[in-house]
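Chains as they are written, first to last, in the working numbering: chain V, 1 to 490; chain U, 1 to 368.
A portion of the hints provided could be inaccurate.
[Unchecked claim] DSS-like, lysine-lysine: derived pairs with alpha carbons at most 30 Å apart: (1) K312/U <-> K299/U; (2) K24/V <-> K312/U; (3) K204/U <-> K24/V; (4) K25/V <-> K326/U; (5) K330/U <-> K58/V; (6) K311/U <-> K299/U; (7) K24/V <-> K290/U; (8) K311/U <-> K96/U; (9) K326/U <-> K202/V; (10) K202/V <-> K366/V; (11) K484/V <-> K470/V; (12) K25/V <-> K145/U; (13) K58/V <-> K290/U; (14) K290/U <-> K69/V; (15) K484/V <-> K348/V; (16) K58/V <-> K326/U.
[Stated by the list, open to error] One-sided and incomplete, this derived list gives chain V residues near chain U with beta-carbon spacing under 10 Å: (17) A9; (18) M14; (19) T45; (20) M46; (21) F226; (22) L229; (23) G230; (24) P240; (25) Y266; (26) M272; (27) P275; (28) I392.
[Stated by the list, open to error] Covered stretches of chain V, going by a simulated chain U footprint (3 or more residues, C-beta under 8 Å): (29) 168 to 176; (30) 251 to 259; (31) 299 to 312; (32) 461 to 467.
Just so you know, the hints here were simulated from the structure itself, not pulled from any lab data.
The structure presented is a predicted model; accordingly, all values stated were derived computationally and were not measured.
Virtual Cβ for every residue (Gly too), placed ideally from N, Cα, C.
Chain by chain, the residues run as shown.
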Amino acid sequence: MPTEILMPALSPTMEEGTLAKWVKKVGDAVAPGDVIAEIETDKATMEVEAVDEGTIGKILVDEGSEGVKVNAPIAILLAEGEDESAMENGAESKSRGAPASAAEDTSATRETDEKQSSKAEASSGGNAVDDMSARRVPAEGKTHPDPDDPEGDLAQEIPEGTEMVSVTVREALRDAMAEEMRRDERVFVMGEEVAEYQGAYKITQGLLDEFGARRVVDTPITEHGFAGLGVGAAFGGLKPIVEFMTFNFAMQAIDQIINSAAKTLYMAGGQMGCPIVFRGPNGAAARVAAQHSQDYAAWYSHVPGLKVVQPYTAADYKGLLKSAIRDPNPVIFLENEILYGHSFEIPKLDDWTVPIGKARIHRKGKDVTIVSFGIGMTYAVKAAEELAKDGIDAEVIDLRTIRPMDLPTVIRSVKKTNRCVTVEEGFPQSSVGAHIASEIMAQAFDYLDAPVLKVAGKDVPMPYAANLEKLALPSVKDVIDAVKAVTYRD
Amino acid sequence: MAAKSNKSGSDSASAKSATTREGSAREIVKTLDHFDAPKPATFGKDDEVRAYRDMLLIRRFEEKAGQLYGMGFIGGFCHLYIGQEAVVVGMQMAMKEGDEVVTGYRDHGHMLATGMEARGVMAELTGRRSGYSKGKGGSMHMFSKEKKFFGGHGIVGAQVPIGTGLAFSNVYNKTDAIAITYFGDGAANQGQVYESFNMASLWKLPVVYVIENNRYAMGTSVSRASAETNFAHRGLSFKIPGFQVDGMDVRAVKAAGDLAAEHCRSGEGPIILEMMTYRYRGHSMSDPAKYRTRDEVQKMRSESDPIEQVKKRLTEDHGMSEDEVKAIDKEVRDIVADAADFAQNDPEPDASELWTDIYAEDIPQAAE
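Build the full structure now, drawing on both the sequences and the hints.
This is the structure:
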């Protein structure tokens with residue numbers, strides 16, 4: 001049976017084109033790969049190759065014709081042994097047009113669609129537009145709805161009577177890795193100076209002695225390469241901990257982190273993912289200037305498929321790193337050099353873990369909610385202490401995980417305090433605080449008595465000079481000022 | 001097997017060209033002095049039949065994919081492998097069960113060669129629910145843990161450290177599997193390739209770097225993009241041996257693959273095979289291919305076609321009749337027609353799939 005040759009789509013966006021020239025004429029034999037015509041699109045002139053073998057039986061669109069729609073028949077091809085008479089019965093009509101739709105009845109799928117999306121967005125805010133129309137209240141004479149469950153879920157993570165010991169963040173990180181490496185043979189750590197040098201910041205101290213060079217691997221200075229190698233090792237069934245000497249250097253490797261690690265589970269339709277931890281110090285240290293002083297929390301928190309953790313206390317460092325190593329997803333574990341030497345009380349338990357995605361109420365209060373994470377907590381905690389002296393009772397929430405973010409805990413607190421200040425060291429635009437502010441506006445607008453204010457690093461590259469560096473970072477005073485502004489004091 | 005000859009003092013080290021295949025301008029060059037490019041493998045009739053069938057399947061599949069693209073069933077980018085079939089088929093014939101494969105975006109042929117189903121690959125191309133990635137990956141992003149195919153990577157060169165990491169896991173797990181890591185002459189200029197070469201050689205990782213030199217990185221010819229156009233030499237400063245292979249002759253590829261696999265499995269570390277090959281079609285479907293002449297393409301098709309070479313040997317050397325060859329053609333056409341039919345009629349993914357597979361709940365990578 002003769003077949004129709006259709007006007008081909010030659011680019012993802014092409015809808016029509018000009019049939020510039022016929023290279024073959026009626027009666028010509030064609031073989032696969034032969035050019036039969038030339039087509040002009042808005043971008044280029046393209047040659048059309050024959051796919052099937054045969055003889056041109058009829059040309060349906062003359063050369064020079066403009067606006068020939070994609071998929072319109074342009075010629076008829078006769079198969080071997082056929083002549084013109086074969087065309088009288090018409091040509092084989094090749095299926096064409098848009099792909100068949102998955103759901104013929106789109107309304108039938110809408111319900112599941114919404115259910116799915118509200119489930120998936122539960123942590124990031126639901127449908128803001130629908131929520132708005134449901135609670136349209138006049139601005140004047142505004143009263144706050146009663147907050148549900150004002151105390152929230154304050155379930156103790158640490159069992160009553162647990163012995164507490166003082167441990168530095170540095171020791172907590174090493175212990176977490178050592179415990180997980182003892183527990184799971186697939187876990188290994190790789191990075192620059194992690195083995196023989198015992199860690200550039202001594203986080204991996206002692207690991208080489210205990211686990212040997214097979215599982216504690218010194219790499220060359222080659223971030224892009226070893227991040228990708230770690231991804232491949234994870235594909236191969238291992239559980240790599242990739243240490244970046246600092247996250248500033250991970251920018252060399254960010255393609256592997258995002259395109260290869262974060263997206264694979266989705267791109268593979270759930271068939272395989274990438275269980276890997278990328279960890280190392282992040283943010284400003286002290287006097288190391290612009291290229292070595294950046295907080296990447298907001299960057300990585302932008303990416304679906306990644307989990308992003310930035311703890312403050314040693315207990316959280318240990319518990320969250322153990323959870324990160326066990327997690328089947330890629331986890332960005334952001335540490336802070338200045339905190340490495342800080343000591344905190346940590347529960348003396350055989351297997352202390354902290355769940356990823358759960359915030360911790362660090363200090364209870366009723367007048368304002370201060371949300372922070374990582375080293376930002378040092379400003380938040382000191383500010384809360386100072387504010388208490390002025391009679392302002394601040395609730396301090398340590399997010400601990402940036403993605404998936406525990407917004408329910410933040411929203412619950414804001415519904416109680418009606419005011420919120422966020423604190424972080426990163427740049428202000430598109431910051432973690434900016435995201436929190438937008439979610440509070442969407443989910444708790446009627447509870448707010450003041451705009452949400454964010455305290456962040458200044459919108460400048462980090463300067464070297466001691467005085468300028470101090471000015472560029474957020475301060476306790478910045479936090480106090482912001483809290484006073486939203487509580488209308490002074 | 002023509003593997004390592006003596007490492008020292010061989011005067012053949014100075015020979016620039018070990019073999020030159022008749023009728024081809026390709027020069028087979030060896031690099032480190034302990035490697036000679038092997039002679040093409042000797043194929044029995046069964047080998048020839050397998051090579052013919054597997055290459056033809058890729059050819060017909062890709063032609064059909066091109067056709068479906070033209071009809072609007074396949075969207076986005078679609079990079080066809082037509083012309084390069086001997087590379088993956090020959091390498092696959094040299095591999096053992098458990099060996100891994102990873103490649104870039106021109107990946108349909110690699111998937112079919114590893115034994116992935118034509119239906120699942122085609123349905124992924126049309127973005128349907130029965131595709132290997134449930135329609136969420138598309139042409140450039142498909143995986144099969146079962147067949148040890150680890151993608152399908154859309155970022156040029158990104159698969160190279162990943163393949164190196166697969167080889168790392170083989171050493172870590174003390175298996176004798178090797179990781180076949182394919183990339184093109186374009187990707188060979190990416191920095192991460194050399195970071196990988198360094199680590200692979202330093203740690204003696206069992207990885208075969210197969211550089212598919214099809215002469216054009218999109219529209220830029222090798223000589224316009226590469227200071228050193230002999231890619232087999234690219235591992236020299238990392239002490240990685242390499243040699244050029246006639247990538248249009250499946251037997252030459254098989255012999256090179258055998259040698260490389262033995263090298264890797266014996267703990268000698270990585271090796272580079274530069275496959276001299278050619279793509280007949282444009283870089284992608286929307287490439288007018290003005291950077292080369294029609295004659296160049298037609299000359300390659302008529303004189304060096306990898307499938308025609310095997311077909312000729314089947315009929316002339318192995319006494320297969322025209323009808324027997326046509327029976328294989330028909331079997332292949334039927335598989336492809338079935339895959340295309342399936343891929344056009346399979347439903348699109350359910351809307352709920354938008355929100356699945358972003359995070360793993362359990363541990364999919366547990367060492368089964």
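Structure-based check of all given hints:
1. K312/U <-> K299/U: Distance of about 17 Å is within 30 Å: holds.
2. K24/V <-> K312/U: Between K24/V and K312/U the Cα gap is close to 29 Å, so the pair holds against 30 Å.
3. K204/U <-> K24/V: Roughly 56 Å between the alpha carbons, so the hint for K204/U and K24/V is violated.
4. K25/V <-> K326/U: Cα-Cα ~29 Å, so holds.
5. K330/U <-> K58/V: 27 Å, holds
6. K311/U <-> K299/U: 18 Å, holds
7. K24/V <-> K290/U: 20 Å, holds
8. K311/U <-> K96/U: The given pair, whose Cα atoms are some 26 Å apart, holds under the 30 Å limit.
9. K326/U <-> K202/V: Between K326/U and K202/V the Cα gap is close to 68 Å, so the pair fails against 30 Å, i.e. violated.
10. K202/V <-> K366/V: 41 Å, violated
11. K484/V <-> K470/V: Answer holds: K484/V to K470/V is near 22 Å, not above 30 Å.
12. K25/V <-> K145/U: Violated: K25/V and K145/U sit about 49 Å apart, past 30 Å.
13. K58/V <-> K290/U: Holds. K58/V to K290/U sits at ~29 Å (cutoff 30 Å).
14. K290/U <-> K69/V: It holds: about 24 Å lies between the C-alpha atoms, which stays within 30 Å.
15. K484/V <-> K348/V: 39 Å, violated
16. K58/V <-> K326/U: The hint holds at about 28 Å.
17. A9: Holds - the Cβ of A9/V comes within 10 Å of chain U, reaching about 5 Å at its closest.
18. M14: M14/V check passes; min Cβ-Cβ to chain U is 8 Å, inside 10 Å.
19. T45: Result: holds, 6 Å to nearest chain U Cβ.
20. M46: This interface hint holds because 5 Å falls under the 10 Å limit.
21. F226: 7 Å, holds
22. L229: With Cβ-Cβ at 4 Å, under 10 Å, it holds.
23. G230: 6 Å, holds
24. P240: 8 Å, holds
25. Y266: 5 Å, holds
26. M272: 5 Å, holds
27. P275: 5 Å, holds
28. I392: This interface hint is violated because 39 Å lies over the 10 Å limit.
29. 168 to 176: Per the Cβ count (0), the hint is violated.
30. 251 to 259: The restraint on the segment 251 to 259 of chain V holds, since 3 of its residues have a Cβ under 8 Å from chain U and three suffice.
31. 299 to 312: Check passed, 3 qualifying residues.
32. 461 to 467: violated (count 0)
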